[in-house]
Amino acid sequence: MTSKFLTGIAAVAFATATMTGAAVARDQIRIVGSSTVFPFTQAVAEEFANLTGKSAPVVESTGTGGGMKIFCEGIGEDHADITGASRAMKESEYQLCLENGVDSITEVLIGFDGLSIATARANESGVDLTKAQIFQALAAEVEVDGAVVDNPFQKWSDIDASLPDVAIQVFGPPPTSGTRDAFVELVMEEGCEAFAAIEALDGDRKDEVCQRMRQDGPFIEAGENDNLIVQRLNADDTAYGIFGYSFLFENLDTLKGVPVEGIGPSVETIASGDYKVSRPLFFYIKNAHRGVIDGLEEFVTEYVSEEAFGDGGYLTERGLIPLSMEQRDATRESVGGSMHMTRYGS
Amino acid sequence: MTVADDHQLPRPVDWSAPDAVRRRRSRHAADRRLQWIGIGAISIAIGLLAVLITTLSFSGYRAFVQTMITVDFTIPADIDPTDPRSSRRFRTVVADSLAAKFDEVERSELRSLSQLLTNNAPFLLRDHVAANPSLVGTTVTLAIPAADPVDQFNKGTIVRETPEDRRRISDRQIAWFDTLDAEGRIAAPFNWGLFFNADSRFPELAGLSGAIVGSFYALLVCFLISFPIGIAAAVYLEEFAPANRWTDLIEVNINNLAAVPSIVFGLLGLAVFLNFFGLPRSAPLVGGMVLALMTLPTMIIVTRAALKAVPPSIREAALGVGASKHQVMTHHVLPLAMPGILTGAIIGLAQALGETAPLLLIGMNAFITSPPGGLLDASTALPTQIFIWADSPERGFVARTSAGILVLLGFLIVMNGVAIFLRQRLERKW
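If you read the sequences in order, they're chains A and B.
Start counting the first sequence at 6; every next residue gets the next number (our numbering).
Start counting the second sequence at 2; every next residue gets the next number (our numbering).
Careful: at least some of the hints might be erroneous.
Okay, the calculated beta carbon distance ranges per label pair [stated by the list, open to error]:
id, chain 1, residue 1, chain 2, residue 2, range
1, B, 107, A, 129, 35 to 45 angstroms
2, B, 160, A, 230, 18 to 28 angstroms
3, A, 130, B, 103, 35 to 45 angstroms
4, A, 159, B, 144, 48 to 58 angstroms
Stretch by stretch, here's where chain B covers chain A in the computed footprint (C-beta under 8 angstroms, at least three residues) [to be verified]:
id, segment
5, 37–45
6, 51–65
7, 250–261
If you are wondering where the hints come from, they were derived from the structure by calculation, not from laboratory data.
Just so it is clear, CB atoms sit at the ideal spot from N, CA and C, and this is done for glycine as well.
Based on the sequences and whatever the hints tell you, model everything.
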């Protein structure tokens, strides 16, 4: 009795499995890449599916580096068509692409993303930080009296008497994150230029001092989940957090951006370039797949349309900082002409 | 001490002596302490569970209702809803229909007025009209989900007192909202979309159907692979295998495999199923295969335990009346062990349902706006959907993340409940 019942279940299950497993050929665009570009690509994917009635692209957030690896694996249905990146493709990644036969890639600059240092609205201290001060607060080694030593600063006031007398506590992204790479490049490396003793170090050692974040407590790696950082900041109004501008944008009622070099993050200051902590966002198209994968051409056209990435387009509603009109035209031109990227020669 | 003392019988114990009373009291106190420690431990465990469920319910209950705005849309007579290009026109229809409700709306304000409704409102309207072509040229009254900031405002997570530049909804939009509310056009019914919509970039439209279907397919594959293989392996090991060093080795390895962290199975799946066999990324088929690898050791162990629990007298009696070994197994032992095996299988599947790490590695955390049509279509699963939502910046996803966890917990409770039910109804005591 029981065994008959079981055979029945198995038969039904098997029938469902064979019936549903028919479609093999790919009718969806496959996109991988940066978690920062991910929300924008999601928005375009959804709009594209709604506009054209084709099946929605599959968008996967793998991080910039992970996305490059998958993207450069090769050409053909099994490989991704587009990868998003919160930094330009590195030369090593470009070489990997070439080795695997991916020899025609269009680089598409879509806009900018501001990195913000934020704190709770309840934090009344009104600090305004310079990149040098941020470097002093967060680097593993800093300059004190002309010597490079392990970071001795525990309170903001240790760095500069004008800063508040509270313990340094900054939540930031882990090393695997593109946001972390960008933060190190845009803030830490520039901040360390203010120190003569560090400037005087030779190449590798200087890079190490400028890039290494402290591990002794004041800088807290909070994982990839930026919503958690937002919650922590609301719970503790002396703490600061580092994340993409879109998270600050969504939480402006409880958080505020800390001005860096006198200018606070906002859509206007990032777009005008006055706010210095911003980075370009890209996606890369595998040109060999264009015209082969159904809908790819329409998808990239939709991505670089005025309705999407233009000023006031639906991507800016999600926190993308748009390019200037000329840059947008240039982007459209390179996408339209399937131009191969020239960053590392052609 | 004298010799006579040695031969004396022990004196009867005086239980009422102060010394004895003290000893007895301290022994009773020790009993009570042990009992209290036990009760304390259980209370801590239940308390933590209660805290988890309360915080989840507290942050998640808002996602179970959705603010809807009822609007009368005037559909022009010359619009063709089946043409994909008509979408841009539907956007104008939505904006104009909303503007017609209010007296003074500047053209420049049309955009922020449309933002009261979800960004996908034109598509919802288009699909509604396409499904009922007779509506072309008439006025359609339709309840459309409100955009996330409006939804959050209606639910009280965004408050009116916050200065305008700090919230995602402007004073003008609040005024429009109040007018609509006064007309009774705002409602917050149960959010069926949470279960019947697929994922979306917009929290007001995002739902779990893609993840539920994806999880179902993955578990189906997992069951179809791990159940027969698990039973066959267990039957062999329990009934046929000779007791030698090889079977010992296999047994140790199965027990070890059951304790291997799930991410290792994910890496294996990535290397073998995706890179070597070239199966598609993000497919529930691959997800199910990886989960099956993970569940298999558990399946074998529970099946062996269930087979062991069948008394030898059953086997001996069957052999005694002349049944062959396979008849003993298929006619007697397996059916009798089946309730135990099924219970174990369901608990193993419940574990697989909650598993995230291996699925992340094979790409089942992709953003997909339609439920999978088959085993090879890209899809997410419940835990990976929660993972994606947890990392989305929009406010609405905070509540949706908790709601997703509650739904997942609901499925787990149901599965475990079925397992307990089966065990109580079918299990035989010898």
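In rising order, the numbers of the hints this structure does not comply with: No numbers; nothing is violated.
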